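One letter stands for each residue in the lines below.
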Amino acid sequence: MRLNRPPISLGDTESLFRPAILRVVEEDEQPTQNRSGDAGSQSADPTIQERIRGVGAKSILLYVLGAVVVVVLAVTSLGGSDELPSFSPSAAPLVLPQPGDVPFADLETFEGLLTGQQGRPVVVNLWASWCPPCRAEMPLLERASRDFEGRATILGVVANDDPNSARAFLDELSITYPNVIDGTGQIQVALEMSVFPTTYVFGRDGNLTAVVKGGVSEQQLVALLEDALR
Amino acid sequence: MIDFGLLLSVLLALGIPTLLSIFWPLGSFDPPVSFVDAILGAAGAGIVLGRLTTLVLDERSSLGRIAEMLIIRSGVDFWPGALAAVAVLIWGAKRDQVDSWVRLADLAPLGMVGYGVYEASCVFRSGCAGPVSPIGLQPAGISSRVLPIGIIVAVAVVASAVFLHRMSRRRAPRSSTAKVIVVGSVLAVSVIRSIASFWLPKLGGGLTRPHVLSLIVAGLAGATLGWLRFGSGSIQVSDNPVS
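Protein sequence lines, in the order shown, are assigned to chains A and B. Numbering-wise, the first sequence is residues 1 to 230 according to our numbering. Numbering-wise, the second sequence is residues 1 to 243 according to our numbering.
Looking at chain B on its own, in the form it has when it is part of the complex (with noise of 0.2 Å):
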């Protein structure tokens, strides 16, 4: 059976940045190009390395049988599938010989937006799981309110987005601004995903693999963004325009 639901919600994810692509152009390609045709083959690294890792860790038995590991519903690790994608989008910019700064930040906000409406899209999938809530959806099959952390966490993350797009326009653009924003991101869809987690619903007392690594990622991602606002020296942290 074809998850609609799902394929529905990868192509949001996809579609509504290159729709905002026209307000936000990215600025790192010559020539210019749309966010899909900027992000479609690292999302497919993405979910290729993420699958496989989810494949290793908890379905061994799935390994080798291609039917079992396409069903990416069943499981498609969040980070290191982040990490495949940066990775392809770093070797495209050293392709274009592009800084590979440049090129993150330059995605980064759009990114985010497409991880946002990824997570609204709960409803054409789960119908979005949450704690019990005097307000908020009722999914189907449950008899009370859930409040749905699927799109406190899009609006969470959209709202980071708006934020550092429009810092990647305020500051002067330079390779430690492009840190900045990059790592920003990182910190933000890292403390979004591990404060939600603790309200998903789970199998398990413990805290999941996916949470324990969203909580590293934003331990890393903080102490690397204090560092270059602290301790590099490198960083304007002036608002002023370019000049």
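Pulled out of the complex, with its shape left as it was, chain A reads as follows (with noise of 0.2 Å):
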């Protein structure tokens, strides 16, 4: 709906700036003519209720239950997010699986391939194809897998998922850091896994060191790599 008044100009730009030209006025105590023409006519200094007022008291009082209702909810959620599974791999050293290999993995063998790298970091990311957050990491695993190339390892676990949707969306991807498939669903258990995706850090002594669930920025990934390897 357009509004029926006349047009403001640049000329007319004491309009736009009128809060300021009455503060103005108030601390020079000298009545300048306002928009409407009353000449000091609003010379008081506004109170709170009024600037509110002003603003539009629903939209703030809607914005602040809106505010309380997502404080709540993710003080709900993020809660007891810095308690880490109690997982800690022992069995024998495994090799990991070679590019475009990905086979099943009960929980003897996922810790296997986890002691087979003790000595250097190793990013775990649970994931499944249907899960669009998943989808949407899997390239920034794959340039962290690049970057880090030798120094730590990115290991995927494809969880709840169909093994052939998991393999072609891996080739679609071009995803070429190691991937099994928790295909007895213990791994998932065992790293007590309550969302997709959840990605878990092992420092150099194979300890569990962070989990972050839901999807990981590049930012927190490269701090958290880093910090493992310092």
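No wet-lab data here; the hints were simulated from the structure. The structure presented is a predicted model; accordingly, all values stated were derived computationally and were not measured. There are no misleading hints in this set.
Per the computed footprint, the stretches of chain B lying under chain A, defined by three or more beta-carbons under 8 Å from a beta-carbon of chain A, are:
1. 3 to 16
2. 55 to 61
3. 66 to 79
4. 135 to 144
5. 194 to 204
Reference listing, derived: stretches of chain A covered by chain B, where coverage requires no fewer than 3 residues with Cβ under 8 Å from a Cβ of chain B:
6. 134 to 140
7. 205 to 212
Every residue gets a Cβ at the ideal spot worked out from N, C-alpha and C, and that includes glycine.
Both chains come to you apart, so use the hints to assemble them.
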């Protein structure tokens, strides 16, 4: 809906800075003609209530209510995220699968893959091809695997997914870092995974040092890897 | 999984300037509106164009997959998004028959506060990354303290916003002053982002695309401000209030 009022031109910019003008007038104690022509009629400093009314009390009230709801949800959701699962790999060391090979792995095999990498940090990413945030972060993990090649290992674990769909997706995105399929579901249970995707960081000594629930950002991933390398 | 940390950041980034607009009222809207009412459409357009830019340049495999395209956490290019937001604000100003520079200058300080709040709310998202430092925060999963770059950016941006807001109050209200405020806000944000980007953890050795863009924008904004100040001959730099 167009407002039926005269156009505000550059010559009338005084009206656009009316609050500023009012303040200057108050400071100088020299009433100046305002837009409506009431010289000095708005001499009093507007109260907080008037100011709130001026910018839309309903908007602000709705906003505050919305923010309170989100804060409650955020606190509920983020609470306890610092607790790490009590998982410590101990099986005999195994070699990582070759690129293009996506084998099934039970918990013992998975632990063997981790112990086989001891001496360098390992990022384990649990994902599924039906999970959009998982798909969205995989190019980032691929870049990280190249950037940290020889210094750290990225290991993908396919969970709750059709193996053929997962393999097709890895081909589609040309993912080269090693991936295994959690065929028995034991790996996700041992890692206490609750959301897709979840990323785990194991330090040089093989101990779990960090868990990121949900998508991981580039800054967060690099910060965690660099910390694990220190 | 809903990313409540990001949602909370966005709400704070819109909510705190809205509350601040009680004390920094928007003068270019008639009838008066709150900051969130004034900026929501532009912010939406900015997020959409910024996300599309990231998809086209970095995540082509996600194009056409709506669920993946909607994951804004995977990336929203800042400067293309800002450009889209400014375009929408200019369109709104023309629709309201208000000078575009005046409208942008009116919103710029509060917009900068919103951006600063978003950066500071990194504590709810990824724990505020930065270089290792004896002082600072210790994000979850990190064994040492790091300098929270997001919070430092926030402080610098909000300080710039306060400076520009005071300038808008003290100088004569004319379009040339509005131009200085708008270009000054772009310069402040681009310079702060350019400097901060050197310390943010990243993959690869070179400058990232957002970093390069920030440097280019800083150069353009600096040159424009110099031209406005010394070249155009139309700027009154006196701090005299309205006479």
